[in-house]
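Which chain is which? The protein sequence lines are P and W, in order.
Residue 504 in my numbering sits at position 504 of the first sequence, and the numbers go up by one each step.
Residue 1083 in my numbering sits at position 83 of the second sequence, and the numbers go up by one each step.
Keep in mind that the hints were calculated from the coordinates and are not lab data.
Each hint should be verified, as a subset may be incorrect.
[Claimed, not checked] The following residues of chain P were derived to be distant from chain W, with all beta-carbon distances above 12 Å: (1) Thr-84; (2) Leu-262; (3) Gly-348; (4) Ala-377; (5) Gly-408; (6) Ala-522; (7) Leu-529; (8) Arg-530.
[As the list claims (entries may be wrong)] Rough simulated footprint, nothing fancy, chain W against chain P, three-plus residues with beta-carbon under 8 Å: (9) 393 to 405; (10) 409 to 423; (11) 447 to 453.
No residue lacks a Cβ here, since even glycine has one placed at the ideal position from N, Cα and C.
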Amino acid sequence: MRPGTWAALAVADFRERARRPAYAIVLLAAVGLGYLAVPAAGDHWTIVNAGSYRGVYNSAYVGTVTALAGALWLSAGGFYVIRTAVARDRQTGVGELLAATPMRTVDYLIGKFLSNFLVLASMAAALAVAALAMQLARGESRAVDVVALLTPFLLCTLPVLAVCAAAAIVFETTPVLRGGLGNIIWLFVSLVAVIAGQSGAAPLGGLGVNAFAESLRGDLAAEGFKVTDLALGLMYLDSPPRPVPWSGVDFTAAFAAQRLLLVTLAAAVALLPAFWFDRFDRARRHTGTPRFTMTPPDPGAALTAGIAPPDVTQPPATTVQVPGITRLAQLEGGPARRGWGFGRVVVGEVRILIGGVSKWWWLATLALVVAGIAAPAASSGLLAAAWIWPVLIWSRLGCQAREHGAEGLLDACPGPVVRVLAQWLSGVALTAVVGIGPGLAMAVDGRLAEWLAGALFIPALALALGVISRTQRFFQAVYPLLWYLVINDVGGLDYMGLLPDGPRPGTVVTATTLLLVSALTAVGVRQRLR
Amino acid sequence: MFELIDVTKVYRGGKRAVDGVTMSLGPGVLGLLGPNGAGKSSLMRVAATVTRPTSGRVLFEGTDVVARPDVLRRRLGYLPQDFGVYPHLTAREFLSYLAAVKGLSARVARARIDELLTLMHLTEAAKRPLGGYSGGMLRRVGIAQTLLTDPRVLIIDEPTAGLDPEERVRFRNLLSELAADRLVLLSTHIVSDIESVAGDIAIVAHGRVLRRGSPGDLVQTVAGQVWELIVPPSALAAVQARHTVSRMVRTAEGVRLRLLSPDPPAPDAVSIRPDLEDAYLAVIGDVREVVR
Chain P
1 MRPGTWAALA VADFRERARR PAYAIVLLAA VGLGYLAVPA AGDHWTIVNA GSYRGVYNSA
61 YVGTVTALAG ALWLSAGGFY VIRTAVARDR QTGVGELLAA TPMRTVDYLI GKFLSNFLVL
121 ASMAAALAVA ALAMQLARGE SRAVDVVALL TPFLLCTLPV LAVCAAAAIV FETTPVLRGG
181 LGNIIWLFVS LVAVIAGQSG AAPLGGLGVN AFAESLRGDL AAEGFKVTDL ALGLMYLDSP
241 PRPVPWSGVD FTAAFAAQRL LLVTLAAAVA LLPAFWFDRF DRARRHTGTP RFTMTPPDPG
301 AALTAGIAPP DVTQPPATTV QVPGITRLAQ LEGGPARRGW GFGRVVVGEV RILIGGVSKW
361 WWLATLALVV AGIAAPAASS GLLAAAWIWP VLIWSRLGCQ AREHGAEGLL DACPGPVVRV
421 LAQWLSGVAL TAVVGIGPGL AMAVDGRLAE WLAGALFIPA LALALGVISR TQRFFQAVYP
481 LLWYLVINDV GGLDYMGLLP DGPRPGTVVT ATTLLLVSAL TAVGVRQRLR
Chain W
1001 MFELIDVTKV YRGGKRAVDG VTMSLGPGVL GLLGPNGAGK SSLMRVAATV TRPTSGRVLF
1061 EGTDVVARPD VLRRRLGYLP QDFGVYPHLT AREFLSYLAA VKGLSARVAR ARIDELLTLM
1121 HLTEAAKRPL GGYSGGMLRR VGIAQTLLTD PRVLIIDEPT AGLDPEERVR FRNLLSELAA
1181 DRLVLLSTHI VSDIESVAGD IAIVAHGRVL RRGSPGDLVQ TVAGQVWELI VPPSALAAVQ
1241 ARHTVSRMVR TAEGVRLRLL SPDPPAPDAV SIRPDLEDAY LAVIGDVREV VR
C-alpha cells in the first residue's frame, strides 16, 4: 500500500489532462447534459421517461435525474475521454521513466484508476453545479436542499463512473482492446450495460434507476397516479409531462453498502491488468510509430560541464567525400517544371491509409466481395457488413499525420487543400473496394446512386471527425452508433440506401459536401491559428 | 532573397518566443546558436511558414510568404527538430509521397529519390518499412526529403542530432556545397557544426538576435578575455561565482579552469586564444547578468 504514490500519480495525471483545452469542452458537455436533464415546462423531450409525469423541479428531483443522466452518459461517453492515461505515458516516454523506478505495477494501475475517476468525477461535479443552476433557473422550487441534490450523485453516479474508470484501465492495458477495436467493443459493451443496468435485477443497484423508479412509483401511487414504465435516455413525448410532487429517493444503508461494494470491485478490476501489463517494455509489444525526437541539452550547461574540452578549431579527422546533388533541370533533361502530382498524392494517401493492415483483414474483405457477387439477394446485409468492416481503417483519415508526428514535415509543403481531398479520395477508394460486391447487386437493382452516395459519405464523415478532433476515437465512437441506428431501421439516418424511408442520395451527397467543407475549414482555421 | 522584418511570435499564454527579429539573408549558411528556449525553433518555424508570426513580415524574393506561403513552400526544404514518419511505408514510398505533395513529376521524383537514397546510404534499406529504422536512419530520411526539390531555402533544425560522427561530417560537407547558391538556415546546439559550415552566425536568446557576425568576428569580441588557471578544489565555488567558467578539468595540481574575464582573474592566470564557445558564453552570460 503506497497511498502517497497513488496520490502523486493521480494528481499529476489529472493536472496534465485538466490543463488541456479539450478538458474545458468535456466540462461544457457535462453542463450541457445538465441542461438537457431539466427541460422547460412546455418541452416534449425528456431524459427520464416516467409516462406522462415528472417530479416538480426541486433539489431531490433535479439532483436525481441529472445524477442518473450522468451515470448513463458520462460512463458511456466519458470512457472515450479518459482512455488515454496509459497511452499518453507510452507516447511521451514518461512510462519508461516510471518503469525504471521502484514503483510497483499495482501502484501505477491504482494511480491511473484514481486519475480516470478524478476526471469523471470532475465532470459529475460540473453536472451537479449545472443541476443546481437549472433548478433555480426553472424556478418551480427555490428551496435548495444540498443533501437531496448531491446524494444521488454520490450513490448513483460516482460508483458507475468508478466502473467506467476501471474499464478504461483494462482496455488500455490489454493488447487486443488497446486500439480502435477496443473503442468499438466499448460502444456495444456500454449499450448492453446501460440496458441491463436499468433492470430491476441489475446487481449492486445497477445504474441506480431502479431505486428512483420504485420511489417515484410509490409517491405517484399515493397521489393516485400510475407509472408503468420508467426509462433513461433522450426521448420525445407526445405531450409535455405533468409535474407532480416527489420527495426524493430514501436511500437505505443497504443500498449505500451495495454501491460501496461496486466501487471496491471496480478498483479490484483496475488491478487485474497487473497480471499482463507490459510495464512499457517495448520488447513485449509492437514498437509502434517511429518518431525522431531529440531534445539536446542546454549548450551552456554542456559547455560548462564538459571535462574534455572539444577542439573545435581543428578540421575533422575523417575526410568524407560527398557527391553533389543533380539539378532538377538536369534530371528533367530541360528546364525544371512541376508535375501534376495529385494522382500520386492519392496513391500515397492510399498507402498510408492501408499501411499495416493484416492479410487476414484483406481475406475477409475478399470474402465480402465474393459473397456480394455470388449472392445478390443478400446485398443489403452484405452491404451493412461491408460498411462497418473497415471502421478502424476509416478512422485513420484526417489524423494520421498528427498521430505519426509527420505534421512537422507536411506543414511546410504546398497544397494543404489538395492533401485533404486526396485523403478523402483514398478513403473513397477503400470504401468502394470493400463494398464492390453488394454494390454490383445494387447497381443491377438500379440503386447505384444510393451505393455511391454511401461510399462518398463514410470517408467524408471519417475525415471531418478526424481533422476536427485530431483523434481516431471520435469516429470510432460515432460511426458504429450511426451504423447501429441504421440497421435498426432509423430511416432518417440511412446513408447506405438500405431503408425505404431513408434520405435520397442527393441529400447524402449534400451531407458529404458539408462534411468536406467542414474538414477544409478546420484545416484552414488551424493553419491560421498556428 | 529572404527577409524577416520585425518578426514577433507570441504564443497563447503570453510567451514571447520571437521578439522583433529583423534579418536579411542571402545565399550561404546562417547558423543560429542559443540556449534552449531562446526562440530558435520558433523563429525557424515562422521562417518555414509552419507558424504564422504574431506581427512582422517574412519576404521571399519580394513576396510576403505569410500571406502566400505556397510561394516559399515550393522552393523550401524544411527539417524540424522533431518529426515522425509513416511507419508502414518504406523510405522510397515515403519520399515518393512527399515528392508528389511537393509537386515533382513522377520521372524526376524517381531519379531524385534514387540519388538521395544513395547519398544518404539508405539504398539497401529503401524497401524496408520505416518502422524498423534506427534514429540515425530516420534522420537521414528527414534530410533526404529536404532535398527532393531544388530548394532555394533550406531550414534545418538540429540536423545532426542522432547522426554518428562520420554521418555528421558528411552532412556538414553536403551543406557547405549546397550553400553555394542557396540560403541554409541552420540551428544547432553543436558549436563545432556551426563553426565548420556557417559563414554567418546569429546568437539568439530571449527571442532576440543578440549578436551576428562571422565566426572570426565573434571570436574577436572576446580576444584577451579568456584565461586559464589552476585553483584548489576549495576555491572553485568562489571562482564560479565571479566568472563564467567554460571548462574545467581536475588534475593532480588542482582544477584547471578556462574562464572568461575582462581582467586577469588571478596573478598566475594565463591569457589564451578564444574560440567560438567562449564568444557564445560571453554573449549569453551578459544577457543572464542583465536578466538577473
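Results of checking the hints against the structure:
no.	hint	in the structure
1	Thr-84	holds (18 Å)
2	Leu-262	holds (41 Å)
3	Gly-348	violated (3 Å)
4	Ala-377	holds (38 Å)
5	Gly-408	violated (4 Å)
6	Ala-522	holds (16 Å)
7	Leu-529	violated (8 Å)
8	Arg-530	violated (5 Å)
9	393 to 405	holds (count 3)
10	409 to 423	holds (count 9)
11	447 to 453	violated (count 0)
This entry does not satisfy hints 3, 5, 7, 8 and 11, going by the numbered hints stated previously.
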